[in-house]
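J.: Listed below are the residues making up each chain.
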Amino acid sequence: MRANKASFWLVLFTVLIMTLSAGTALAAKPIILGAPLSTAYLYGWDAERGFTLAVEEINAAGGVNVGGTKRLLKLEVIDTRDLEPGVPVSDALLAVEKLILDKKADFIVGGPVRSEAALAAMPLLSKYKKVSILSTGVLTPKYHAMVAEQYDKFKYCFRIHGEAKNLVGEMFANFTELKEKHGFNNLFIIAQDVSHARGAAAVMKSVAEKKGWNVTGVEIYPTGATDFSMGLLKAKETQTEIINIWMDMPESAILLKQWYEMKIPALPFGSTLAAAEQPGFWKATDGKGEYTLCNVVNAGNAPSDATEWTMKFYNAYTNRWKVEPEGLGTSSSYMVVYVLRDAIERAGSLDPDKMVQALEQTDIMGVYGRLRFDPKSHQVIPAQDPKEGAVGSILQWQAGKRVVVYPKSIAKGNIELPPWMMKK
Amino acid sequence: MQILIYGTINSISLALFAIGFAMVYGVSRLPNFAHGALYVLSGFITWSFLNAVGMNYLLSIVLSMLATGIIGALIYQFVLIRVRGMEISEIMASYALGLAILEGLRWRGFRGMTYTLPSFIEGSTEIAGVSVDYQRLLVVGIGAAVVALLWLFTHYTRIGLALRGMAQDERAAMMLGIDSDRMAVVAMGFGSMLAALAAVVLLPLGNIVVEAGYNVLILAIAVCIVGGLGSWVGAVLAAFLIGFAQILTVVYLGAHYQMVVALLAIILTLILKPSGLFGQQKELEERV
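Chains as they are written, first to last, in my numbering: chain U, 1 to 424; chain C, 1 to 288.
Each hint should be verified, as a subset may be incorrect.
Claimed, not checked - Straight-line C-alpha distance at most 16 Å; calculated EDC-like pairs for lysine to aspartate or glutamate:
| hint | chain 1 | residue 1 | chain 2 | residue 2 |
| --- | --- | --- | --- | --- |
| 1 | U | Lys408 | U | Asp374 |
| 2 | U | Lys74 | U | Glu48 |
| 3 | U | Lys236 | C | Glu87 |
| 4 | U | Lys98 | U | Glu84 |
| 5 | U | Lys127 | U | Asp152 |
| 6 | U | Lys322 | U | Glu48 |
| 7 | U | Lys263 | C | Glu122 |
| 8 | U | Lys401 | U | Glu324 |
| 9 | U | Lys104 | U | Glu149 |
| 10 | U | Lys283 | C | Glu122 |
| 11 | U | Lys263 | C | Glu126 |
| 12 | U | Lys129 | U | Asp353 |
As the list claims (entries may be wrong) - Quick partial rundown of chain U residues pointing at chain C, CB under 7 Å, derived from the structure:
| hint | residue |
| --- | --- |
| 13 | Glu219 |
| 14 | Glu237 |
| 15 | Thr238 |
| 16 | Ile254 |
If you're looking for bench data, these hints aren't it; they were derived computationally from the structure. As the structure is a prediction and not an experimental result, all values here were calculated from the model. Glycine is no exception: its CB is placed at the ideal position from the N, C-alpha and C atoms.
Chain U on its own, in the form it takes in the complex (with noise of 0.2 Å):
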């Protein structure tokens, strides 16, 4: 009988402990997440999902405990349209203001995400005092060295996904081992008319011929192109093993599909390839996707073990979306709100100069493995083990599935040739 009343008051103050406490992260005002985003695009609306099944576990727990005071997190979405052909970068700019005027946003975090926008909304930033993570697009190396040339102007700015360098990096360590195992030496690159896929055609052409690669031609295609044929005849005229791919267009799509129409016999290698970043890639293509690769620059966007949380996040977004995470930007976006959560925890405060300073010493264990910051460019640290730093991803479509082929500590499986590259 004794047992029994001991139980009934444990279980009556418990209920009112947790009614208490959930009472006043509803009360208290709720911190928001501002995020300006194109998101009719695929980078765009990656982004918005991650960042919703994170604001939702999170609140689900109770919130963030800002100095003692449980807040619930809100996320706030503004349509940039910056990655649609066109708009020019003050629209994005607009968004980014208005978030922070009109709707209170604490945080900027995903975008803006095309690079030209995402550098002009820095200034912006900075007169705001507005701590921004981008987690999105924008794969300027210029973004973060800005921050490291003015460090004091530009402090509010981190970026947590991979950068133009680190991509480039990880495509040739792919291309060295093609080399060895298969004598690979020609290499074509075909890029869409914008500004990053330029400059990273230009880079990967001069960092190829100093490695000792023959690049067999440059071909930079208008957005919105829809017939790729010659540059792919010239890409078999000239024995090309290897059609580099820098093309965040939905019509890169048809280029691959010509590619195995055509069946050219290079092996085509993407980044910011956004249709193969897909799961209904396949289906899209019927099938005629099939030995593309792509990196999709962090693991957790496409299925690996990189730590326990990849494929934990992998699964409850897919059950939250009812659809895989499809873009570059998915894991890093839901990794924002818990390194916000974390930083916002141990500053005990949404001072902004509190923020950077907690952003600054983050080291945590997320979905694409150790998240550091660089302190003086505040550009997440990359590795090739999860156990070091943020570890990238490459993604080969093989049979239907999108299988990681690297970095090997995370790899499920080796890059295959297509069968008419096999009889060379």
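Once you've looked at the hints, dock chain C against the given chain U.
T.: Leaving out everything else, chain C in the frame of chain U:
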């Protein structure tokens, strides 16, 4: 050889983009700036019939073309008829409708790269050592058939003759008892169906994306301006001119100049011969 093969394919694709636009303008003098939107819309309608409803592919195509034709006719009957004759208003109204269709599709979730239509025939072949896929060869066949059928239709059927009569001289046609507005509705319906036909033939080569609507509109306008607004023959010839010029540009200058060709063609035509190759508009002023 590859220039000849891919130049022909590219030219016929451009002709398919433009022929519907040319027909509507030729008959009703209405620049249908919703043409690109109707092209994309018909792609999504076909996709929906095929994937969401689970219909047979051929039936999906036929129904989609009919639906797009009806939508085009309704657009004319309920919106454009009210501004007919007011050129700026016609452009603004049709462009606004096109925008509404494209942004409405985007808003309803038709975004991303996974909306595709299957090829009619899989595989590829080699012609004189140049690889070409069967779907592209089919584009050439269907494009040529469309041009031939359109010629027969406008020369040997009552409606076709009425449309031609309207295109040549609207007032004279009206004096002969042809109902101008009715013919304009028919032209808009046919023009929209031709946009749908272009979509179902060309979209299996790639994917269905909203942005394609804007590109198709620009290319259709370029072809029609060079060919002469209102001239169907001119449109076909201009498609070949621009189509081959684009391929030659890709081969000898670089792919990124490809889009410049169409825009340059518009500018040069407007400077040198504003009426285009076969257009009658402003022809008198040019002669004077």
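J.: With reference to the structure, classify each hint as holding or not holding.
T.: Verification of the supplied hints:
no.	hint	verdict
1	U:Lys408 x U:Asp374	violated (24 Å)
2	U:Lys74 x U:Glu48	holds (12 Å)
3	U:Lys236 x C:Glu87	violated (49 Å)
4	U:Lys98 x U:Glu84	violated (20 Å)
5	U:Lys127 x U:Asp152	holds (12 Å)
6	U:Lys322 x U:Glu48	holds (15 Å)
7	U:Lys263 x C:Glu122	holds (13 Å)
8	U:Lys401 x U:Glu324	holds (12 Å)
9	U:Lys104 x U:Glu149	violated (29 Å)
10	U:Lys283 x C:Glu122	holds (15 Å)
11	U:Lys263 x C:Glu126	holds (11 Å)
12	U:Lys129 x U:Asp353	holds (8 Å)
13	Glu219	holds (5 Å)
14	Glu237	violated (9 Å)
15	Thr238	violated (14 Å)
16	Ile254	holds (4 Å)
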